[in-house]
Amino acid sequence: MVRFIARRIGLIIVTLVVVSLAIFLITEVLPGDVATMMLGKDATEAGLARIREDLGLNRPAHVRYLEWIGGAVRGDFGDSLYMGEPIADIVGRRLNHSAILAVFAFLVGTPAAVAAGIWAGMRANTKLDRLVSMTGLVGISVPEFVTGLLLIILFSSTLHLLPSSSIILPGTTPLTRPQILIMPTLTITAVLFAYIMRMTRANVIEVMQMDYVRTAILKGLPMRRVILRHVLPNAMLPTITVITVNFGWMLGGLIIVENVFAYPGIGQLLLWSINTRDLPLLEVVTLVMAATYAISNLVADLSYAALDPRVRLA
Amino acid sequence: MTERRQHDVPLLAVDHLAVTFYTPRGTFRVVRDVSFTIQRGEVLALVGETGCGKSISAFAIVGYLLPFHPGESRIEGSILFEGRDLTQMTAAELRQIRGDRIAMVYQNPSTSLNPTMRVGAQMEEVLREHLALDAPKARQRVAELFDSVGLAEPEHMGQRYPHQLSGGMQQRVMIAMALACDPDLLIMDEPTTGLDVTTQATILDLVADLKQRVNAGILFVSHNLGTVARVADRVAVMYAGQTIEEAPVRELFKNSRHPYTTGLLQCVPQSLTEGGTVTRLRSIPGGTYAPEETNAQACLFAPRCPMAQGPCHTRAPDMMDAGDSHQARCFLWKDVHKEMWGGLELRGDDHRQSAEPVLTAEGLQRFFGQWQRKYLFFGPRVRPPVRAVTNIDFEVGAGRTLGIVGESGCGKTTVARLVVGLTPRQRGEIRLHHEELAPQVEGRTHQQRAAMRMVFQNPTTSLNPKRAARHAIVRSLQKLARLNRKDSTERAAELARSVRLEPAYLDRRPDELSGGEQQRIALAAAFAGDADLIVADEAVSALDVSVQAQVLKLLEDHQHERGISYIFISHDLGVVRYISDDILVLYAGHVAESGPAECVLNAPSHPYTEALLSAAPVPDPDAVPTRIRLPGAVPTLRERFQGCFFAGRCPRKMGPVCDQAPPLARTGPDSPSHVIYCHIPIEELSAVQLEHAA
Amino acid sequence: MMMVRSGLVAAGRSVRKALSLMLRTWSGRIGLPIVLLYLILTIIGPGLWHWLPNSPTEFQYSATNITGSPVQYERLNASQPRVDVTDASQFSVGDVIRIDDELMEVTDIGTNTLHVTRGYEGTDAAAHPELQQLLAPSTQFWLGTDQYGRDILSRVLTGATSLIMTATAAATLSIVLGTAVGISSGYKGGKVDEVVMRVMDGLMSFPTLLLALLVLFALGPSRVNIAATIGFVSMPTIARVVRSTTLSLKTMEFVQSARLRGESTAYIIFREILPNVMPVIGVEASVRLSYSILSVASLGFLGLGIQPPSPDWGLAISQGRRFLISAPWIVLAPMGAVASLVIGANLLSDGIRQATRMIRKEETQ
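Protein chains in written order, with the numbering used here: chain A, 1 to 314; chain B, 1 to 694; chain C, 1 to 365.
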């Protein structure tokens, strides 16, 4: 088990190094010159030269990469070009905001989705089940920005119940005004819920056809026990993988949802850094998002192993 | 007449049971008319080929049908359990009976146990549910039960997960679970199918032992006449959803009164006659009656029956009393006799003489996988490769058949793949007609590929599901016989006829053919290139006995006409014994014994061969079971053997020498080509087996 | 030739079978018409504005004081937007002019130059009634007009073309790439397979939208780039599925038989394996299509999608949401369009999946 974890952590580190290299390549080497990208087509030669000097772009790429990585390992990512603050501080704060939103959405969405999936899976091919899975299909189809804007039209402009934007004032946290979390959470949950529900349902249906469930039924166990002890643990194994895949999807969804509600999280920061061409910031934000995803994958593998003795004891 | 008292209510009485499934794709009448009774302490075997409805009948007893087909199902007739009709019970009543009064053992123990639960917990569940035992009592009872089914370390067994147990141990756990509440009726659905032959023997021993120990009725469902002969008191034979004959086991095997039963018995390869020759197999022509068909006003077996007459085609026979508690669903039961499927012929021996070997293999070796390191690319080497085949020699004579036997994991399939070049060998030489063959098939010449063909185990995957059946044959003709399109189409029709198929079958897609038809197409494709040698890897193992006999006959006939050679691989000793001239016994990637068939099968033998012979079920209720049983399972092959490869399971282990030195090659007294790899001297090997025989 | 034809006939038969089975499921019955409708729009979309009363990209009702005046412009950058004109005297400060699809307000007048503010929107619609900005749905403009005074109905209808074309190109690319990588890597096996799959894992260990944003940021958003990026980013999923199918097919006896009769690798891959992978690819393709539509629309919403002046639903929603309260029809129409399209595509893929499952069940029984 220890070896398994060590191996996975090693893989994550390798992944992150590759990712950082890739980001570095994409943002610094590929399209000509950072300075031109930052200033646009109208830039003067003098302006370009000054930026190149400031960023140390005149030195070879590998030196800059190593310096960057060296800083990153020490927690020093440099300063943002536009905000003038240390990148570590900005990213830390924004990451915190996003984490609150994500955890909120996950806590609301996942248990409900798993429960609904089991419920529907037990009633496979009945009218109610078809209704639920059809709704689920619609749920995964509607893009986040559509759901989000519909919620705003409904709750803000029509019912005047909730604030239409989720701006966080400096010095406060999202929890100071928790009502700003409601609509973003609902938007993320809609997709999350639908997807996890559908997958759980499919897994439950599959496990219900396994020989060992037949054994359990023919042992004369009550249906409740058959489901809780025999169907659920086995149906949850593949569901965990689905939940992680969703975590990656949710990171993408966060970019959109935060944009819709002007919620100052990591996703909005990413778009901001793209729009302002704040390269040092963009690099760090991307790396942090990739790391989050990688870690969530590790967590999934570990929980899979914890539930499945075939992996745990191998 | 019988000792049974008439007023006694039988434990289980199934009367005119019929099961129909209504699915989106049509109506399936899987069980049409099944009747039988079981008394306490009696084993009734329900026998039949795939699709005859025997398992569905068994599951209908416990009211578990829906998962077989989506849609609706309907049960007709009655199933009286101690006089109460199970088909009329509510779900709650059924639940109380299941697992408590009626318990089941299933075909696949590995999938029938919950993989995420410890086996002890899975057993305790039953005890708590039905007997309301508290935790310590339940645990103690579980240990007792494990002990009673012969599991070692019963106190600790419960802590294990199913994947940590071998197939045989898993099945013992299933049996222990079924015995947990002292059931009155035990239903065993193909409990030994899928297990290795040596494990199968130990499980059958256990079942035979249960018969003495528990006071329950046992319904034993099986397709294998050999296992039935070993455990049953009475036998009910099923065909096309009907019970067609029921009789005490000896009576049925000696004196069957239904043409189908008689035919079935003669499809099983018999043991050698005294002269060392083999009687030829007979087979039942045609295919089984499809469950989509409605009940015809006729005997359902009539289309395949050699003695069917007028009334057989116009009236449906009922079960008729044939005396001595013997019943048969046949108008002409009095006329049924052994020779009705053709007289006894001895298998010709003329083609067996051969001087020239077609193929010789020397020092074949193949390991799978590579050493794995502790941390991906670094650290000590922790996981060695699997030593699937270690140093194997053999040769195949022209016009002769080499049979390769052994349990799963002994390396027989790997040997086949090394020979044809699907898996490249790592060491050793293979020569075809004295020409060295390249390790991989891609490196061999066109002539070499044409000279050696292969037939595989699984008929459904042997043909491309997206292509018409002709594809395999036509393509072989084009590539190997270098025929053009027109000629190959004509020749394909000829080949189809040579495997007893109408050429029209060639236009069907594989999923429109039965398993036997698919396998015959595969055989026709193998015959396409005029091969000198055909490697048949478990080519008949997936087929029902009647179909298996058809395919075996085709192979034999082809050999007779063309003088080609076979390498015939099977785990079924009976089949290998029937078809082989020479036999190679493999164990754990090593040759245990090799030589002419009659020498290998008679004394002196390698202890492993002895165990295999003793484990093979014989379709004869009077056969005295020789009780040589192997403990444990086939080793994982990741370690190199320091001593004899068989030392870990050998019932005749001599002592430390077996663990320290590799076994010597000893030549048998009967033939110079009979070789036994064992530390035990030949004289002793002969002597001990004589003792067994006596 | 005969073999090819018989192959095509067989393929046609199984497609017909799949189609008829699919139409037995609710998902297929609802999904197929929706997708077909949008496909028709895609095909006739480019020619559509000849028939529509209001053209999608052109302004029907432009500021009177610039009609007919020749306008040239060289450079429009964010800091100093200016427009070169031949005769500046025709303009006065406060006029609104249009260039391409953009409205600009004249702030100052030079000799041959107009200084302008870009992005003149309907914030002050009342000041220029002739621009017909932010009009509510009426008999003339069935879905109203947007902040630039454009007819929303025609924008939405023609917006289908670029979105579906781009998404289809992306899906096709991912299918073709994924199938090629998956089959060859799976069939080849060994070290090559291991390396390829590690790379795929690496690509997958990255949230796809994030990767797409980065690549488009570097390459610049154009239709080709968007299609290429989304196609490439979603390729690993398909490669994985196809590979695992190939791995199990590879061990099947009919493939081994083909090797034993000496067929070439190309023959085995294309004639023996590929036909059996097709059902899997069919299901994946439909999933990919709806996923690509979603991605293209999302990128559009984030401003990295199809660029103006082409009508794009995502962009329209993103630009129109400032008027969410005063003129919700601006966003509601494209929102409905994108949602219904993705729902339709997902229903269709669900129908296909159910149909192939039914076929597979029949084949195994």
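The set of hints was computed from the structure by calculation and includes no laboratory data.
Note that CB positions come from ideal geometry on N, CA and C, so glycine has one too.
Any given hint might turn out to be false.
Covered by chain C, according to a simulated footprint, are these stretches of chain A (three or more residues, beta-carbon under 8 Å) [unchecked claim]:
{"no.": "1", "stretch": "84 to 97"}
{"no.": "2", "stretch": "135 to 144"}
{"no.": "3", "stretch": "228 to 239"}
{"no.": "4", "stretch": "255 to 264"}
{"no.": "5", "stretch": "271 to 281"}
{"no.": "6", "stretch": "293 to 305"}
Pairs of lysine to any residue residues, derived as SDA-like cross-links and limited to a Cα-Cα distance of at most 20 Å, are as follows [to be verified]:
{"no.": "7", "chain 1": "A", "residue 1": "127", "chain 2": "B", "residue 2": "461"}
{"no.": "8", "chain 1": "C", "residue 1": "191", "chain 2": "A", "residue 2": "14"}
{"no.": "9", "chain 1": "C", "residue 1": "250", "chain 2": "B", "residue 2": "139"}
{"no.": "10", "chain 1": "C", "residue 1": "250", "chain 2": "B", "residue 2": "461"}
{"no.": "11", "chain 1": "C", "residue 1": "17", "chain 2": "B", "residue 2": "23"}
{"no.": "12", "chain 1": "B", "residue 1": "254", "chain 2": "B", "residue 2": "618"}
{"no.": "13", "chain 1": "B", "residue 1": "653", "chain 2": "B", "residue 2": "640"}
Each hint, compared with the structure:
| no. | hint | in the structure |
| --- | --- | --- |
| 1 | 84 to 97 | violated (count 0) |
| 2 | 135 to 144 | holds (count 7) |
| 3 | 228 to 239 | violated (count 0) |
| 4 | 255 to 264 | holds (count 4) |
| 5 | 271 to 281 | holds (count 3) |
| 6 | 293 to 305 | holds (count 3) |
| 7 | A:127 / B:461 | violated (37 Å) |
| 8 | C:191 / A:14 | holds (19 Å) |
| 9 | C:250 / B:139 | violated (47 Å) |
| 10 | C:250 / B:461 | holds (11 Å) |
| 11 | C:17 / B:23 | holds (18 Å) |
| 12 | B:254 / B:618 | holds (14 Å) |
| 13 | B:653 / B:640 | holds (19 Å) |
The structure shown violates the earlier hints numbered 1, 3, 7 and 9.
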